[in-house]
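Asks: Given next are the chains, with one letter for each unit.
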Amino acid sequence: MSITELFLLFVSSIFVHNILLSRFLGCCPFMGVSSKLKTAQGMGAAVVFVIVLASLMTWLTYNYLLVPLHLEYLYTLSFILVIAALVQFVELALKKLNPVLYKSLGIFLPLITTNCAVLGVAVLNMNEGYGLAASLVNALGSSLGFLLAISLMAGIRERIEENDGIPDSLQGLPMALITAGLMSIAFMGFTGIIK
Amino acid sequence: MDIMHVFVTPLALMGIMGGIFGALLAVASIVFRVHQDERIGLIRAALPGANCGGCGYPGCDGYASGVVNDGAAVNKCSVGGAPVAEKIASIMGVDAGSTVPMRAFLKCKGTCEASPRKLNYDGVHDCRSAAVIPGGLPNSCPFGCIGLGTCVSVCQFGALSMGDDGLPKVDVSKCVGCGACVENCPKGVFTLVPVTADVIVACNSHWKGPMVKSVCSAGCIGCTLCAKKCPKQTIDMVNDLAVINQENCIKCGLCAKVCPAKVINTGEKVAAIEKSA
Chain W
1 MSITELFLLF
11 VSSIFVHNIL
21 LSRFLGCCPF
31 MGVSSKLKTA
41 QGMGAAVVFV
51 IVLASLMTWL
61 TYNYLLVPLH
71 LEYLYTLSFI
81 LVIAALVQFV
91 ELALKKLNPV
101 LYKSLGIFLP
111 LITTNCAVLG
121 VAVLNMNEGY
131 GLAASLVNAL
141 GSSLGFLLAI
151 SLMAGIRERI
161 EENDGIPDSL
171 QGLPMALITA
181 GLMSIAFMGF
191 TGIIK
Chain S
1001 MDIMHVFVTP
1011 LALMGIMGGI
1021 FGALLAVASI
1031 VFRVHQDERI
1041 GLIRAALPGA
1051 NCGGCGYPGC
1061 DGYASGVVND
1071 GAAVNKCSVG
1081 GAPVAEKIAS
1091 IMGVDAGSTV
1101 PMRAFLKCKG
1111 TCEASPRKLN
1121 YDGVHDCRSA
1131 AVIPGGLPNS
1141 CPFGCIGLGT
1151 CVSVCQFGAL
1161 SMGDDGLPKV
1171 DVSKCVGCGA
1181 CVENCPKGVF
1191 TLVPVTADVI
1201 VACNSHWKGP
1211 MVKSVCSAGC
1221 IGCTLCAKKC
1231 PKQTIDMVND
1241 LAVINQENCI
1251 KCGLCAKVCP
1261 AKVINTGEKV
1271 AAIEKSA
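So the protein sequences, as listed, match chains W and S. Taking our numbering, the leading residue of the first sequence gets 1, the next gets one more, and so forth. Taking our numbering, the leading residue of the second sequence gets 1001, the next gets one more, and so forth.
Only chain S is shown next, with the shape it has when bound in the complex:
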């Protein structure tokens, strides 16, 4: 057996070819170097590197060059929040502007108990597939959460988990507000709310009361009681669904008290106000 021809020549050939190409590329990268704005590198270093796309650019690199070249706003990174926005602002020499961190919120209380499923879906375990099956959704309410956990699987930060009641739960301490769940939910039942928001309507249904009642015992029936009771008139009725304007909300929690369907979520701040009163 000709060892020279079987081993040495092929190895030498591939080695030499690889070496030459490597050297060529190394030389080319120096000869053809394009001067990049150094701020891009600085901004990229300041970003968290989650590459979640929450800013609307393809990854952190894309956002960094977007800030420098396309004049993108410096406070788009929801993962890094205000500290990162300030860093980018100081690199760019502009004002950071205010950034209220956002978090994901599920506008649905249609648990398996409150809103029974109308068929036993046995297909691909993904809401996006279940949403397009001919003849409608597995659950009775066409606005509500399907509950197959697509949001959980797209969340890069482990902030979502499926609860025993068939609805995903948001871990507020882990949620960075990148909006991946909002984008991937075929029902649009997730929304981003400011972390300061304390009183939120947890329903997505635009149906009228009797229709809602027929599919779910925990849905907004569009009775307008909350809108009438609100001392600041900050609740609008949008196609039979109450929507709270977070900017003017004083977190008194009155709307949640009068809501007959108990569909308005209240958080810690309301509880604090009630205790002091």
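The following block holds chain W by itself, in its conformation from the complex:
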């Protein structure tokens, strides 16, 4: 892939194929931890961190382990294994080596072990047949897209909280779901900026 193609992949994975609002992966934290901007950003940062690392590891696993052994069908199992072990390892290492970062990522790090966005990006990389560089760019773009979407959502929800014009029965989660739908429609507008 040329630099131009990589750049286009980067932009399209953030906006056009936004992992939350267009691929609908990882919707659980999108609803669950988007009520405060600060926690949403913590979650987003942890996701960027884990998705990029996990994409690297799963790419290596797939191309240097599963393909030579003709065991491609084991990808789900081995990806989950790799991601779970990786996140655990990173958590242990961070706790010791960088307590500040560990504290800021906090509880979100172990939480996203089982997040489908992480596995989803790894599987997407495999299905699209991306090389290592393209995989990493796609991972970075997708996870930044996650960070962008969840931060926007949290910002909007904080404003909604302060608005007392919302009927009782729509307060909280119902309003958040409507907001998510509208945001998703808005992100559909990006379709077409890249051929």
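It is worth saying that the hints were derived from the structure and are not from the lab. Heads up, some of the hints might be wrong.
[Stated by the list, open to error] With a cut-off of at most 30 angstroms between alpha-carbon atoms, the simulated DSS-like pairs for lysine-lysine come out as follows:
#: 1; chain 1: S; residue 1: Lys-1076; chain 2: W; residue 2: Lys-95
#: 2; chain 1: S; residue 1: Lys-1076; chain 2: W; residue 2: Lys-103
#: 3; chain 1: S; residue 1: Lys-1169; chain 2: S; residue 2: Lys-1208
#: 4; chain 1: S; residue 1: Lys-1076; chain 2: W; residue 2: Lys-36
#: 5; chain 1: S; residue 1: Lys-1262; chain 2: S; residue 2: Lys-1213
#: 6; chain 1: S; residue 1: Lys-1213; chain 2: S; residue 2: Lys-1169
#: 7; chain 1: S; residue 1: Lys-1174; chain 2: S; residue 2: Lys-1228
#: 8; chain 1: S; residue 1: Lys-1213; chain 2: S; residue 2: Lys-1228
#: 9; chain 1: S; residue 1: Lys-1228; chain 2: S; residue 2: Lys-1208
#: 10; chain 1: S; residue 1: Lys-1251; chain 2: S; residue 2: Lys-1262
#: 11; chain 1: S; residue 1: Lys-1076; chain 2: W; residue 2: Lys-38
#: 12; chain 1: S; residue 1: Lys-1232; chain 2: S; residue 2: Lys-1213
[As the list claims (entries may be wrong)] Computed from the model, here is a short list of chain W residues facing chain S with C-beta under 7 angstroms:
#: 13; residue: Ile-80
#: 14; residue: Leu-81
#: 15; residue: Lys-95
#: 16; residue: Asp-168
#: 17; residue: Ser-169
#: 18; residue: Ile-178
All of these numbers come straight from a predicted model, not from anything done at the bench. Note that CB positions come from ideal geometry on N, CA and C, so glycine has one too.
Use these hints to put chain S onto chain W, whose structure you have.
Replies: Same frame as chain W, now just chain S:
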């Protein structure tokens, strides 16, 4: 069929990968071990492990590290009560302070009979849902118990049960005072009172008398008779609702006698005083 490729290789691969990762994590947990204050483990062992969140921390682990790292008070665990507070205090080397165990109390006597329901609610069987339906609550009194039993379902200790009269009943022997019912009641009709409290106003309504009368025959009408009769002047009128200050209450039961709505609950101690008198 190539048995080697169908069975042995995949099993060996997954087994080896799992083994390597397991070993790696085991090594990492030793290499990257962070020394934790050993008091956290000791306190955690002393706590009951109910993980009810009644202390305000996320579970018993959270409270244990809260005591050590954030200087949380040692007597926050309502499940364990005074014995646990003493244990934690001795681990931390501080004074336990006094802990009066608390229990849940329902500030409502609006049974189906006393306060008829104004509509036949047929939605999700949860007070928190019923509280937000457009057009108001299923019951007539906006302060009272809705009676769908959300408190019963959130109680981890089996201390609450729905009575036949449409109100939840508190089993005082099982209630640990964690406050889960208080938090989850959309009407805030539950409150925590010290177990020593014997005279309590069982109404949550801040409406004036005639309004209360129109929706409930067992509500505090704000007549102030109890406040006037109390020999210790320990009853305050807060927005047309009598509130008894438990600290100064001498449990004479006079207020309950004069209350025209019979809305003041009296317990065993008052009965004992009356017998001896």
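Asks: Take the hints in turn and mark each one as holding or not.
Replies: Evaluation of the provided hints:
no., hint, verdict
1, S:Lys-1076 <-> W:Lys-95, "holds (28 angstroms)"
2, S:Lys-1076 <-> W:Lys-103, "holds (25 angstroms)"
3, S:Lys-1169 <-> S:Lys-1208, "holds (27 angstroms)"
4, S:Lys-1076 <-> W:Lys-36, "holds (27 angstroms)"
5, S:Lys-1262 <-> S:Lys-1213, "holds (13 angstroms)"
6, S:Lys-1213 <-> S:Lys-1169, "holds (24 angstroms)"
7, S:Lys-1174 <-> S:Lys-1228, "violated (36 angstroms)"
8, S:Lys-1213 <-> S:Lys-1228, "holds (21 angstroms)"
9, S:Lys-1228 <-> S:Lys-1208, "holds (18 angstroms)"
10, S:Lys-1251 <-> S:Lys-1262, "holds (16 angstroms)"
11, S:Lys-1076 <-> W:Lys-38, "holds (28 angstroms)"
12, S:Lys-1232 <-> S:Lys-1213, "holds (28 angstroms)"
13, Ile-80, "violated (11 angstroms)"
14, Leu-81, "holds (6 angstroms)"
15, Lys-95, "holds (5 angstroms)"
16, Asp-168, "holds (4 angstroms)"
17, Ser-169, "holds (5 angstroms)"
18, Ile-178, "violated (16 angstroms)"
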